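**Student:** Let chain R serve as the given structure and place chain L on it in line with the hints.
There are 2 protein chains.
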Amino acid sequence: MAHRLIECVPNFSEGRNAQTVDAIGQAIASVAQVRVLRSETDADHNRSVITFAGTPEAVRQAALRGIAEAVQRIDLSTHSGVHPRIGAADVVPFVPLEGVTLEECAALAHDVGREVWETLRVPVYFYEAAARSSDRAPLEKLRAGHLAPDLGGPALHPTAGACVIGARKILIAFNIVLNTADLSIARAIAKKIRASSGGFRFVKALGLLLASRNLAQVSLNLTDYEQTPLHLVFEAVAAEALALGLEIVDTEIIGLVPAKALEEAAAHFLRCRNFHSGLVIENALLPLTEKV
Amino acid sequence: MAHRLIECVPNFSEGRNAQTVDAIGQAIASVAQVRVLRSETDADHNRSVITFAGTPEAVRQAALRGIAEAVQRIDLSTHSGVHPRIGAADVVPFVPLEGVTLEECAALAHDVGREVWETLRVPVYFYEAAARSSDRAPLEKLRAGHLAPDLGGPALHPTAGACVIGARKILIAFNIVLNTADLSIARAIAKKIRASSGGFRFVKALGLLLASRNLAQVSLNLTDYEQTPLHLVFEAVAAEALALGLEIVDTEIIGLVPAKALEEAAAHFLRCRNFHSGLVIENALLPLTEKV
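Sequence lines, in order, name chains R and L. Residues 1 to 292, numbered by my numbering, are exactly what the first sequence covers, in order. Residues 1 to 292, numbered by my numbering, are exactly what the second sequence covers, in order.
Here chain R stands alone, though its shape is the one from the complex (with noise of 0.2 Å):
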């Protein structure tokens, strides 16, 4: 049987209060055929990422879930943090895994989007491929707020301002975290690697100060891994902080990897010259596990 799978990422823009963030969860997972892949909370950013899949449909239901939840919940008048939002949802992408194609993502996040207008009294943007003009697409350029919600608004709402919803292929969330306290460094890094001053073509970066650990972030998204590459965008971050004496602390990553990313990594700082894919028994058994 061919399986039918959508990944959904929302960013709650709650980090500190561990019962918001379990509610939040748990309304998700009260979603038959859903699977919680991973749960994460940062409080310097003050933002939670769940990351689910399942069925189009069982990802609708749990989404919306979510999304009440966080609105209920989450009061963005005495919110603080150092990751920019617009919402207590602040965005939920759609993500195609298997069998299902970015254009029905896009369909998904529209009907979501129409549901979270119509019954939450929440505004809603759609972005990247759910976008209602390539204009209107990047995540940036919503947050900056000059522009009119595609459904409600002008006016959002008082405490769960608007919520971003769209669909998108497998990014790479990454940060790399330095050793300086100084975050116009991480800013500069930032703004050199980043697509939106002519840095990687798939790269997003925003320098943020992690005030926990008194260090600052670069913090990455990667939109095509397979064209900009997690392991040259981590060698770039660390050649700017050498030449500026400093070096990287650690990294980590925010939702999930795909295998390849990681493959591509390890053969590039192993140095490996024969490496493909094939390599690799699980893949190479793939055929095989399937035939015999």
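To be clear, the hints were calculated from the coordinates, so they are not data collected in a lab. Among the hints, a few may not be true.
It does not matter which identical chain is used: a pair holds within one copy or between any two.
[What the hints assert, rightly or not] Below, a list of computed lysine-lysine pairs in the DSBU-like style, where the Cα atoms sit at most 35 Å apart:
(1) Lys169 to Lys191
(2) Lys141 to Lys192
(3) Lys169 to Lys141
(4) Lys192 to Lys260
(5) Lys260 to Lys169
(6) Lys260 to Lys141
As the structure is a prediction and not an experimental result, all values here were calculated from the model.
**Tutor:** Below, chain L alone, put in the same frame as chain R:
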């Protein structure tokens, strides 16, 4: 349905005559339900490694056909190459992949060995998990030539030598090329890092000279990559080379490599502090793709 899968990675003492290597590969691939995963030939080593997998009975048949073809075609009395060898079908390990124990692979090795001696009159040594006693288990001991075969002998076959057949866990074969033509350096580094002279417990290593590139190579077998990781051994060789003012030119994977070894290498080099295999999307989805 649960799969029962065994891998077999025979090493044949021919890496220069393509016709011979092709004939051996075709003999193996002629068995239904066997899949040849990789075939590689090294002229300097004068050696070919064919990696295949399938059901236990299919793998047994394919191994016997490959050995018979090699015994008929390869004449060791006129053989030269930088890699040590004792037979035409030099080493034939069986590796448990799915639903099969190491003990079952050892039983298969004994069965294949008996047939090799009885039908081809090539003496057989059993090694690793198939060894008749623990002091006969290491391949190096059998290659030294002081021990009589387990089946047949003491005289070896006039053209095909002996055949070393055994069972073992998954092994990573990995070659590291240095920017020097000085074989003694590769030998000294190999000696430092291998278990037999006090190095890493699960590393076997040889220094070899690649005539075709005029470069020295450290040729490695990692016999338990979960305990002695690939990236750790790579870094140790790089550090030893650096201490001598040398560098790693490139590396190559022989046969296949487990996904987990590459994931962990990537996490190490990317300095990822929160890595575990559940962060890889394909791993996280496994329960869902089986359930939905």
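**Student:** Now look at each hint and say whether the structure bears it out.
**Tutor:** Going down the list of hints, with the structure as the test:
1. In this homomeric assembly, lysine 169 and lysine 191 come within 35 Å of each other (Cα to Cα) only inside a single copy, at 23 Å, whereas the closest approach across copies is 48 Å.
2. In this assembly of identical chains, the alpha carbons of lysine 141 and lysine 192 lie at most 35 Å apart only when taken from the same copy (19 Å versus 57 Å across copies).
3. Taking the closest pair of Cα atoms, lysine 169 and lysine 141 come within 35 Å of each other only inside a single copy of the chain (19 Å); across copies the shortest separation is 54 Å, beyond that limit.
4. Taking CA atoms no more than 35 Å apart as the test, lysine 192 paired with lysine 260 passes in both settings, with 26 Å inside one copy and 33 Å between copies.
5. In this homomeric assembly, lysine 260 and lysine 169 come within 35 Å of each other (Cα to Cα) both inside a single copy, at 15 Å, and across copies, at 25 Å.
6. Taking identical chains as interchangeable, the C-alpha atoms of lysine 260 and lysine 141 lie at most 35 Å apart only when both belong to the same chain, with a minimum of 30 Å there against 39 Å between chains.
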